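Novice: Here is how the chains run, residue by residue.
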Amino acid sequence: SAVISQKPSRDICQRGTSLTIQCQVDSQVTMMFWYRQQPGQSLTLIATANQGSEATYESGFVIDKFPISRPNLTFSTLTVSNMSPEDSSIYLCSAYLPNEQFFGPGTRLTVL
Amino acid sequence: KNEVEQSPQNLTAQEGEFITINCSYSVGISALHWLQQHPGGGIVSLFMLSSGKKKHGRLIATINIQEKHSSLHITASHPRDSAVYICAVRPQGGSEKLVFGKGTKLTVNP
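The listed protein sequences correspond, in order, to chains X and Y. Position 104 of the first sequence, counting from 1, maps to 104 under my numbering, and the rest follow consecutively. Position 58 of the second sequence, counting from 1, maps to 58 under my numbering, and the rest follow consecutively.
Because the hints were derived from the structure by calculation, they are not lab data. Everything numeric in this text was worked out from a predicted model, so none of it was measured. Treat the hints with caution; some may be incorrect.
To be verified - Below are the DSS-like pairs computed for lysine-lysine, each with C-alpha atoms no more than 30 Å apart in a straight line:
(1) K105(Y) x K55(Y)
(2) K102(Y) x K7(X)
(3) K68(Y) x K55(Y)
(4) K97(Y) x K7(X)
(5) K97(Y) x K65(X)
(6) K68(Y) x K53(Y)
(7) K102(Y) x K54(Y)
(8) K54(Y) x K97(Y)
(9) K97(Y) x K53(Y)
(10) K105(Y) x K68(Y)
(11) K102(Y) x K65(X)
(12) K102(Y) x K55(Y)
(13) K7(X) x K105(Y)
(14) K97(Y) x K55(Y)
(15) K68(Y) x K102(Y)
Input sequences plus hints: build the corresponding full structure.
Specialist: Structure (structure tokens):
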């Protein structure tokens with residue numbers, strides 16, 4: 001079992017600024033994932049973050065826009081850079097343990 | 001066409017009713033997840049299935065691998081069951097990435 005916490009839980013940001021979202025897991029996990037959920041849509045995978053290696057980004061997402069850090073087996077950050085209103089979404093952190101997938105409570109981001 | 005299709009998209013029920021949400025998928029999978037998302041956005045994993053049936057309290061999940069279909073049942077539904085229920089599959093091939101359905105929004109009225 002794993003419990004995931006995210007900070008901040010929500011934020012309202014101005015266009016052109018950046019926000020870093022933190023994800024903390026109470027267990028050591030190899031694979032962590034960052035998802036985006038745009039209003040009314042399902043979850044879309046942004047990237048897979050493995051400790052000790054560069055994050056692997058999905059089509060349509062780039063490191064310059066969504067830099068990710070994974071300094072150890074329990075922590076990761078996602079930065080949303082140079083934000084625009086189109087980045088308004090819920091951002092979710094997830095961790096995979098054998099036979100189970102855990103999700104954080106999400107960060108609700110509004111960009112004005 | 002989405003690889004994971006859920007039905008219905010929206011569902012309204014009266015307290016006490018039996019609820020069924022369906023999920024069909026088009027790829028070979030190693031596992032299927034049912035997830036619950038409350039209005040605040042956080043997601044809770046309800047079940048992970050690779051075959052057969054699982055039960056937890058009033059929730060039952062079944063999967064038919066041959067037919068590429070899964071159902072989530074809620075018995076004696078309650079207003080606190082109101083949430084979005086999401087089906088997600090892990091395609092075969094060794095990746096731990098999930099492919100998500102669009103979700104079913106369930107509202108249970110008292």
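Novice: Against this structure, judge whether each hint is valid.
Specialist: We went through each hint and held it up to the structure:
| no. | hint | verdict |
| --- | --- | --- |
| 1 | K105(Y) x K55(Y) | 21 Å, holds |
| 2 | K102(Y) x K7(X) | 26 Å, holds |
| 3 | K68(Y) x K55(Y) | 20 Å, holds |
| 4 | K97(Y) x K7(X) | 23 Å, holds |
| 5 | K97(Y) x K65(X) | 21 Å, holds |
| 6 | K68(Y) x K53(Y) | 14 Å, holds |
| 7 | K102(Y) x K54(Y) | 22 Å, holds |
| 8 | K54(Y) x K97(Y) | 22 Å, holds |
| 9 | K97(Y) x K53(Y) | 23 Å, holds |
| 10 | K105(Y) x K68(Y) | 22 Å, holds |
| 11 | K102(Y) x K65(X) | 25 Å, holds |
| 12 | K102(Y) x K55(Y) | 23 Å, holds |
| 13 | K7(X) x K105(Y) | 26 Å, holds |
| 14 | K97(Y) x K55(Y) | 25 Å, holds |
| 15 | K68(Y) x K102(Y) | 17 Å, holds |
Of the hints listed earlier, there is not a single one the structure fails to meet.
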